[in-house]
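Heads up: the sequence shown at position 90 corresponds to 100 in my numbering, and the numbers run straight through without jumps.
Calculated directly from the structure, the hints in this document are not laboratory data. Be aware that one or more of the hints could be misleading.
[Claimed, not checked] Below 27 Å or equal to it, Euclidean Cα-Cα: the simulated DSS-like pairs (lysine-lysine) are:
| # | residue 1 | residue 2 |
| --- | --- | --- |
| 1 | Lys158 | Lys56 |
| 2 | Lys31 | Lys70 |
| 3 | Lys113 | Lys97 |
| 4 | Lys79 | Lys140 |
| 5 | Lys140 | Lys31 |
| 6 | Lys31 | Lys158 |
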Amino acid sequence: MVLGVIGAGNMAQALITGIIKSHALESSSIIVSNYNSKKADCLVEKYGVLSDDNINVIKKSDVILLAVKPYAVIDTLNQYIKDLQDKIVISVAAGISISEMEKVSSTLKIIRTMPNTPVEVCEGVIVYSKGKNISNDDILVLEKLFSKLGLLFYIDESKIDAVSALTGCSPAYIYQIIEAMSDAGVRMGLSREIALQLSSMAVKGAGGMVYDTKVHPAVLKDKVTSPAGSTIEGIVEMEYKGVRGIIISALYKAYEKTLSFTKK
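All chains should be built: construct the whole structure from the sequences, respecting the hints.
Have a look at this one:
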């Protein structure tokens with residue numbers, strides 16, 4: 011199988027890195043094109059993938075990862091529609107629905123995905139919805155490419171904007187939390203390097219506990235919180251500052267913004 015990638019932005023790079031790292035494909039089976047050829051050249055140099063122009067990438071590939079900006083998705087499909095027939099087209103664009111893409115051609119095979127950037131280290135989340143022409147065999151192809159990049163699951167397209175906000179945007183918020191934790195560590199006398207290592211591993215470990223044990227986070231929180239201890243002092247301070255409300259509000263604001271893209 012040959013994967014053609016149109017677009018070489020951050021998400022495309024994260025997916026390519028994860029696919030190669032997980033051995034889903036060899037780098038020689040990935041062809042990249044980008045309007046800025048320097049970006050594609052960087053991927054060639056860094057990962058050993060191939061590069062070509064859009065039309066040749068499409069012709070040489072079995073699966074097309076459409077990783078252009080949302081505003082360019084429909085134009086790209088219109089421009090190359092003849093050569094996209096019988097190809098599996100995987101879109102990562104926010105706000106562009108399957109029905110919009112299928113209006114270009116009723117025979118297009120479209121899978122709409124919403125990945126987040128931790129796919130780069132095979133710890134990501136990828137949800138997908140499928141178009142009317144996608145077969146079970148096509149889903150097996152998707153699973154071959156993405157199943158080792160983290161959590162992959164099907165979701166009704168009506169919920170994909172919520173996932174975009176919850177898992178697509180939230181890594182940026184978690185990075186801010188890790189940065190703040192490391193600042194606190196530096197304030198307490200730790201080196202920046204050690205503070206970052208400890209903070210990032212603490213976040214990774216806490217997330218792993220929730221995911222692996224399936225225990226509610228409130229229960230896990232209580233296991234760390236001793237009566238009159240230091241942890242409860244911090245929790246009370248977080249409650250006073252409204253940390254939970256801020257997080258909920260930030261995610262919902264991101265969701266509303268995603269909806270505004272969809273309505274345009």
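Quick one, are Lys79 and Lys140 close enough, alpha carbons at most 27 Å?
Status holds; Cα separation ~20 Å.
With the threshold set at 27 Å, check whether the alpha-carbon distance from Lys31 to Lys158 stays at or below it.
Satisfied, since the Cα-Cα distance of roughly 9 Å is no more than 27 Å.
Restraint check for Lys140 with Lys31, where alpha carbons must lie at most 27 Å apart:
Cα-Cα ~26 Å, so holds.
Given pair status - Lys70, Lys31, alpha carbons within 27 Å
holds, 23 Å
Given the proposed pairing of Lys158 with Lys56, does the C-alpha separation stay at or below 27 Å?
Distance ~21 Å between Lys158 and Lys56 Cα, so the pair holds.
Going straight from one Cα to the other, do Lys113 and Lys97 come out at no more than 27 Å?
holds, 16 Å
The structure meets every hint from the earlier list without exception.
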